[in-house]
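2 protein chains.
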Amino acid sequence: MRMGEGVEWGLHCCVTLGWLDEAAPVPIRRLAAWFDLPQEYLKKRLQPLTRAGILTSSPGVRGGWSLARPPGEISVMEVVTALEGPLEAFRCTEIRQRGIGGRDAGREFDGPCGISSMMRRAELAWRRELAGSTIADLMEHAPESAARTRRNYSRLTD
Amino acid sequence: MRMGEGVEWGLHCCVTLGWLDEAAPVPIRRLAAWFDLPQEYLKKRLQPLTRAGILTSSPGVRGGWSLARPPGEISVMEVVTALEGPLEAFRCTEIRQRGIGGRDAGREFDGPCGISSMMRRAELAWRRELAGSTIADLMEHAPESAARTRRNYSRLTD
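Sequences listed follow chains A and B, in order. My numbering applies: residue 1 is where the first sequence begins, and numbers increase by one. My numbering applies: residue 1 is where the second sequence begins, and numbers increase by one.
The following block holds chain A by itself, in its conformation from the complex (with noise of 0.2 Å):
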């Protein structure tokens, strides 16, 4: 089970664009080469977060990227959501009531089935660490970070 690279690059720039939130919009020219990326690639990989209301893009020569929220409204999850869709990791095709072992089951499958029923609780106890951490929560957690990042930007002259 793999999770695309989209969602490390996605969180990325989401934290980069909160820390840089008094500069911003981030020009898309200025945050490929921050992160040493094709300007297409990244725009490709930032779609998804505009249409899902977390990364606000405008045009222009003053134009670029921002977060389109305070960031502690943004949480991972709705993030990891956006890149990688909203099914869950674990589908459940009811394996339970194939071929021979299925028969004569009477009310018995009116349930859940009990495998796909523990997956799911697993995937929730992962979806309430992501719900439960915001992009703010990533940006505090790197101080050092955050100024090295302003300072980096704010050296920036094309």
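Hint data in this document are derived by calculation from the structure and do not stem from the laboratory. A few of these clues could be false.
Identical copies carry no separate label here, and so any pair may be met within one copy or between two of them.
Taking lysine to aspartate or glutamate and the DMTMM-like style, the derived pairs with C-alpha atoms no more than 25 Å apart in a straight line are [what the hints assert, rightly or not]:
(1) K43 x E94
(2) K44 x E78
(3) K44 x D158
(4) K44 x E94
(5) K43 x D21
Model, not experiment: these values are computed from the prediction.
We have chain A already, so just place chain B on it with the hints.
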């Protein structure tokens, strides 16, 4: 983020073999008919569980599949890891160190990245749930299915 369908098959096979303990080993042709699957497909699905010491298979006309250990000693985490691999879903590629953004960081990157730590914490919550459930728990959760499984199995003639 999606888990392979092998996890659902693996867990159902383990639970079914647990319920059929007294009739084990279960021939592959019966187990395949049980779930209405091609034998070769099912064999391939179950091989990682044999390699992980969760299932055992014996050759010959009286041979077949059974749990390699008591079901209370097989955690759901073990089954998932055998089928999905031991890697974490979130991979940290140290994005913080890339490009202009990572310049002049000094010893700041000695510790783990906060984003990676947070994602790891969420995965640990997920793993803790899976590690805390065993095949025996899943078996006990569905007494009606246990009775039906044993009843249906005892009626098989081929």
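We went through each hint and held it up to the structure:
1. K43 x E94: Result: close only across copies, 20 Å inter versus 39 Å intra.
2. K44 x E78: within (18 Å within a copy, 37 Å between copies)
3. K44 x D158: within (22 Å within a copy, 56 Å between copies)
4. K44 x E94: between (36 Å within a copy, 20 Å between copies)
5. K43 x D21: within (19 Å within a copy, 56 Å between copies)
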